[in-house]
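S.K.: Residue numbers (this note's numbering), protein chains in the order written: chain L, 159 to 506; chain Y, 159 to 506; chain A, 159 to 506; chain B, 159 to 506.
Accuracy of the hints is not assured; some may be wrong.
You can't tell identical chains apart in this list, so a pair holds if it fits in one copy or across any two.
Computed list of lysine to aspartate or glutamate pairs in EDC-like fashion (alpha-carbon distance at most 16 Å, straight line) [to be verified]:
no., residue 1, residue 2
1, K269, D468
2, K493, E433
3, K465, D367
4, K505, E478
5, K471, E362
6, K372, E425
7, K465, E362
8, K229, E485
9, K505, D227
The hints are simulated quantities; they were obtained by calculation from the structure and are not laboratory data. As the structure is a computational prediction, the values presented were derived from the model and not from experiment.
Number of protein chains: 4
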Amino acid sequence: MLGIGKTGWIEKERPACGPLDAILRPIAVAPCTSDVHTVWEGAIGDRNNLILGHEAVGEVVEVGPLVKDFKKGDRVIVPAITPDWNSLEAQGGYSMHSGGMLGGWKFSNIKDGVFSEFFHVNDADGNIALLPDGIDPAAATMLSDMVPTGFHASELARVEYGDEVCVIGIGPVGLMAVAGAVLKGSSRVFAVGSRPNCVQIAKEYGATDIINYKNGPIDSQVLAATNGRGVDKVLIAGGDCDTFIEAIKMLKPGGAIGNVNYLGEGEFIRIPRAEWGVGMGHKMINAGLMPGGRLRMEKLASLLVNKRVDTSKMLTHRFEGFDKIEEALMLMKDKPADLIKPVVTIKW
Amino acid sequence: MLGIGKTGWIEKERPACGPLDAILRPIAVAPCTSDVHTVWEGAIGDRNNLILGHEAVGEVVEVGPLVKDFKKGDRVIVPAITPDWNSLEAQGGYSMHSGGMLGGWKFSNIKDGVFSEFFHVNDADGNIALLPDGIDPAAATMLSDMVPTGFHASELARVEYGDEVCVIGIGPVGLMAVAGAVLKGSSRVFAVGSRPNCVQIAKEYGATDIINYKNGPIDSQVLAATNGRGVDKVLIAGGDCDTFIEAIKMLKPGGAIGNVNYLGEGEFIRIPRAEWGVGMGHKMINAGLMPGGRLRMEKLASLLVNKRVDTSKMLTHRFEGFDKIEEALMLMKDKPADLIKPVVTIKW
Amino acid sequence: MLGIGKTGWIEKERPACGPLDAILRPIAVAPCTSDVHTVWEGAIGDRNNLILGHEAVGEVVEVGPLVKDFKKGDRVIVPAITPDWNSLEAQGGYSMHSGGMLGGWKFSNIKDGVFSEFFHVNDADGNIALLPDGIDPAAATMLSDMVPTGFHASELARVEYGDEVCVIGIGPVGLMAVAGAVLKGSSRVFAVGSRPNCVQIAKEYGATDIINYKNGPIDSQVLAATNGRGVDKVLIAGGDCDTFIEAIKMLKPGGAIGNVNYLGEGEFIRIPRAEWGVGMGHKMINAGLMPGGRLRMEKLASLLVNKRVDTSKMLTHRFEGFDKIEEALMLMKDKPADLIKPVVTIKW
Amino acid sequence: MLGIGKTGWIEKERPACGPLDAILRPIAVAPCTSDVHTVWEGAIGDRNNLILGHEAVGEVVEVGPLVKDFKKGDRVIVPAITPDWNSLEAQGGYSMHSGGMLGGWKFSNIKDGVFSEFFHVNDADGNIALLPDGIDPAAATMLSDMVPTGFHASELARVEYGDEVCVIGIGPVGLMAVAGAVLKGSSRVFAVGSRPNCVQIAKEYGATDIINYKNGPIDSQVLAATNGRGVDKVLIAGGDCDTFIEAIKMLKPGGAIGNVNYLGEGEFIRIPRAEWGVGMGHKMINAGLMPGGRLRMEKLASLLVNKRVDTSKMLTHRFEGFDKIEEALMLMKDKPADLIKPVVTIKW
């Protein structure tokens with residue numbers, strides 16, 4: 159990113175490695191819709207000469223003297239969120255907000271990202287995880303952001319055995335929200351989306367009912383399908399600020415919303431007063447950035463190893479070579495009909 | 159309540175007692191702001207010849223044949239919320255929504271209330287609790303609604319040891335939210351209000367800082383007093399739909415709002431997008447009607463017995479005699495400066 | 159059950175139907191190991207002429223006058239645990255202990271069970287659930303006890319995404335504990351057992367590693383397989399009082415045990431002091447009877463409908479006809495090598 | 159500690175300060191019963207020339223180059239537990255077990271303690287907290303261990319509004335367990351102890367009933383006082399492995415034990431099978447080391463500042479001067495009748 163709306167390659171110094179840190183080379187990287195937001199919508203403000211990218215598997219090329227568990231040559235998964243673990247926020251259970259709201263999000267935000275020959279990871283022992291043997295690095299790049307973000311929706315909404323759930327949005331995060339809801343014990347899963355390839359994959363991940371917004375308001379469709387009862391939980395992985403209106407309307411009292419969607423514009427999210435029980439309906443609204451760090455990466459990697467989720471289904475476009483990153487990013491920007499997620503693998 | 163804006167005495171049949179139910183005479187009753195909302199603001203729609211009142215201690219005069227634990231002559235606490243305990247909602251942990259959102263709220267809503275010579279309680283074994291010996295019935299009327307509603311705010315917001323909390327609104331519910339926050343381990347408690355008598359009582363219940371909205375936006379005042387960090391939890395017991403904007407602004411990431419305020423008007427509650435962390439700030443919004451029923455009443459009565467909270471401080475105006483109920487209600491409507499809560503005790 | 163060690167058929171009056179209750183005919187029933195305990199081990203003390211059985215799908219033949227949601231002819235799932243929903247325990251979230259510890263367990267314990275031409279269900283609206291169209295009644299009998307008991311283990315132990323879990327015991331409850339752990343997001347699942355058919359089905363339900371106690375102490379095997387780290391959670395669905403020693407030894411600090419195994423003999427469960435962190439290791443021990451009632455049955459039935467779990471795999475022996483119940487029970491007592499669970503369907 | 163059973167002064171090098179660490183001088187220190195266990199009972203094995211002590215307020219004399227929030231001259235509270243915050247255990251919410259069970263306990267365990275002219279704190283930004291203005295350093299030493307340990311019992315047992323609680327043991331940790339239970343909303347609090355000064359202070363902290371084990375088995379006394387119902391929660395802050403037997407017997411189904419007592423001897427803790435509901439009674443057993451680190455210290459300090467708890471009541475013996483530490487330690491060993499807790503303040 160050269161500036162808002164402009165991308166290109168730039169030369170920078172190899173980043174310095176602090177005593178707790180590591181320097182990595184990318185082995186596999188994936189562009190994310192939020193990279194697109196950053197560049198073409200100026201989502202996080204103007205940035206000059208910022209290197210993009212926050213989804214990567216990499217190889218360690220250098221570690222600081224206080225790093226205990228990793229060494230040169232290790233192949234590791236890198237989470238999009240790399241907290242400062244001794245911060246007050248992390249001690250309180252919200253590591254993603256270490257040092258301030260969203261403070262755990264460093265790559266391509268407050269420092270250079272992973273689309274680079276070398277990139278820097280703060281607190282290596284706390285923030286990277288070994289890539290398990292036999293796991294495809296391309297599939298593992300989905301653990302950086304898509305899986306933890308999508309799965310976090312069910313944690314925020316506290317999905318339980320037998321819950322009926324509606325997942326709004328079935329881009330890659332929404333697809334992982336579907337898979338994550340199934341892995342939390344949900345029974346019926348409504349998936350809201352219209353792109354045929356996403357619909358197909360959503361069903362493979364466990365969606366039982368597809369809701370197309372082109373057929374009418376989605377809350378009406380969900381209420382009709384549930385005899386007016388509504389659903390137990392709503393996971394928001396797409397839409398905009400007004401999506402919460404529909405979500406509240408389709409939710410039972412005692413239900414919960416788990417939002418993991420980045421809300422890019424609008425001054426206010428609006429909650430409909432009457433359907434929210436005039437402030438007394440116990441329809442909890444929970445929304446948060448994905449948890450990052452090493453433990454989460456290890457736990458999710460273990461799900462891949464034990465075949466609980468197959469992330470490779472989302473990788474519709476595979477490239478090889480560092481120079482293909484720009485092409486992959488442009489694909490993400492243009493979103494052709496057959497795209498879910500592009501990935502680039504790199505041999506050094 | 160004869161109709162919107164009109165009150166008066168009416169004659170009705172003594173209510174019938176179902177097999178699980180009880181008929182009670184009031185010993186002490188208290189009017190509530192929501193009675194005022196119901197009559198003069200038409201909050202729950204037009205009602206004709208509805209008997210008001212949902213805060214009472216009473217004497218059992220009749221029980222149904224399936225009632226096991228109560229008998230004629232027992233003096234009991236009556237919660238404002240009397241759930242159907244075998245409903246799906248109650249089984250799921252949300253008894254106040256038994257049979258539908260807010261369905262546990264029956265008195266002076268879907269059936270006659272307690273300002274009556276005889277009143278009906280559904281499921282006596284599940285919904286009334288013995289008045290402990292030595293407890294003043296007038297003080298115990300605060301257990302019907304003020305205490306469980308105020309205390310529920312801290313449950314919704316999950317107040318923990320050492321939390322800094324802001325309580326918005328210090329009417330009787332807000333005062334009990336202050337007391338409840340202290341009894342959940344909060345340390346610094348900001349109380350937002352301006353009426354001198356309420357301010358005084360708020361301090362006695364444990365408020366450490368008083369915020370007067372006349373001195374500027376309350377979120378700015380709280381942020382200034384905390385060096386910009388904000389508070390861990392916000393308990394809303396007053397204000398309106400826009401109070402949530404201030405609440406979100408003064409809240410830390412990882413914090414939570416517990417709302418127990420009845421939101422009487424406005425189409426939408428608005429949540430400020432940026433301060434909510436663009437949908438990723440982990441500022442949980444939880445809002446709900448008080449839990450009712452027998453167990454809750456017994457637990458709260460135990461707090462009175464063991465002197466953990468002194469509800470009598472709120473009883474600024476005491477009346478005696480059934481015919482004084484109207485006067486007490488009018489006092490609640492007119493809210494003189496020295497009023498916190500009126501109560502009427504009745505000898506039969 | 160005629161007395162300890164003796165079974166046979168007896169004639170009894172058709173049970174009376176209280177105002178909230180229902181009388182059912184069985185459509186499908188399954189004997190349970192605890193029926194075997196009851197008769198041949200005297201597990202709940204001596205009982206004379208007690209009708210056995212607590213796993214059933216039935217048809218409603220009569221409902222009391224206060225029953226609202228069911229009528230004659232409805233085909234329904236009957237949980238083994240049928241709480242009194244207005245009890246203090248149920249209000250506190252522990253309905254299975256309504257009226258006293260284990261008080262929700264009524265069938266073949268404090269009243270006659272379901273192996274009868276007619277049987278009684280207390281609080282029909284609160285305790286039975288419609289059998290969904292298209293669901294095999296035989297498969298649905300597993301929802302009475304095997305599924306809710308096995309799944310509850312993961313609730314007790316709070317299984318989370320990516321947890322490594324050890325399930326001790328792979329009889330039918332243990333198999334459902336395996337399935338339930340997978341549906342809570344566990345990754346690696348060790349299953350402890352030796353019978354070949356159970357091992358086979360455990361793998362189909364998602365076990366990744368089989369531990370055979372014949373190969374050495376199970377804690378040593380699990381520790382060896384995890385490089386000494388141990389597992390995050392242990393679900394106990396078999397063994398005896400000393401199984402907790404092994405469970406604690408294989409558990410990480412911060413881990414948890416979820417026990418759903420009935421402990422039939424021994425005066426004490428023993429917890430090894432050193433491995434429990436000298437009382438400070440945060441190895442939580444949680445143990446409890448399954449939650450029953452209508453909501454749970456509806457939620458689990460929804461898992462069947464949406465094909466999240468296939469209980470029919472466990473039904474190794476199917477019988478038809480009321481008179482085959484004794485044969486099925488004897489099978490459960492004798493446990494032939496190819497048995498997992500027998501079921502009897504009945505046409506009237 | 160020179161060896162088991164031997165104490166004395168030794169000369170050591172001033173500890174080195176790593177890049178994230180700090181070196182402190184003690185301003186106030188308190189000996190703990192566990193120091194006594196360490197020396198005279200060999201609780202953590204033999205140690206030679208280990209400096210004792212883990213309760214301190216100190217002054218920073220040096221910080222490492224990566225420390226951001228503290229500087230020379232700062233007066234700070236030092237927790238007994240100083241975790242490695244980037245460890246997997248801390249990321250999972252169990253920082254006290256960072257690097258292995260009980261791994262957060264470093265002082266006078268795996269490194270020298272605070273009874274020294276200079277002592278070392280790992281990860282200063284994560285593990286020390288500023289002493290608030292106006293707080294007596296002697297009172298603040300109780301935040302190192304007594305307060306967080308005692309209060310943690312209520313967290314482990316999840317004390318809620320109106321719970322009836324039994325606290326077993328009313329030494330300084332038990333007294334803080336009483337105070338902590340009151341600050342979590344408990345109503346009736348049984349305190350088990352016999353020493354008159356402790357009984358007196360227990361009442362001041364909120365105990366409502368005193369149980370003296372000399373009057374018979376404590377479970378029988380508690381059951382008698384509650385009409386056989388038992389209590390909702392049991393907090394264990396004294397006794398031995400067999401205390402759990404009494405605790406289980408006095409506990410309601412659905413109740414919980416929170417143990418913070420160090421269990422010094424015995425091979426097994428024993429849980430009575432029948433009273434534990436034959437493994438199905440939902441009597442949760444939770445036991446754990448106190449949470450340490452900076453956030454916890456800040457939160458507890460805020461309770462002192464806002465006068466929610468007055469730790470100075472426990473300080474029965476005050477000394478001044480570094481050379482009085484041995485006298486204070488011997489007092490802790492000999493436990494005279496009027497002792498609760500000694501403290502030593504030091505001027506440099």
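S.K.: Hints first: check each against the structure and report whether it holds.
M.R.: Comparing the hints with the structure gives:
In the homo-oligomer, the alpha carbons of K269 and D468 never lie at most 16 Å apart, since the shortest distance is 31 Å inside one protomer and 46 Å across protomers. In the homo-oligomer, the alpha carbons of K493 and E433 never lie at most 16 Å apart, since the shortest distance is 35 Å inside one protomer and 30 Å across protomers. Taking the closest pair of Cα atoms, K465 and D367 come within 16 Å of each other only across two copies (13 Å); inside a single copy the shortest separation is 24 Å, beyond that limit. For the homomeric pair K505 and E478, the shortest alpha-carbon distance inside one copy (8 Å) is at most 16 Å, but the shortest distance between copies (64 Å) is not.
When the C-alpha separation of K471 and E362 is checked against a cutoff of 16 Å, the pair qualifies only within one copy, where the shortest distance is 9 Å, while the shortest distance between copies is 22 Å. For the identical chains of this complex, K372 and E425 are neighbours neither inside a copy (26 Å) nor across copies (25 Å), given an alpha-carbon limit of 16 Å. When the C-alpha separation of K465 and E362 is checked against a cutoff of 16 Å, the pair qualifies both within a copy, at 14 Å, and between copies, at 13 Å. For a Cα distance limit of 16 Å, the shortest separation of K229 from E485 qualifies neither inside one copy, at 32 Å, nor across copies, at 50 Å.
In this homomeric assembly, K505 and D227 never come within 16 Å of each other (Cα to Cα): the closest approach is 24 Å inside a single copy and 42 Å across copies.
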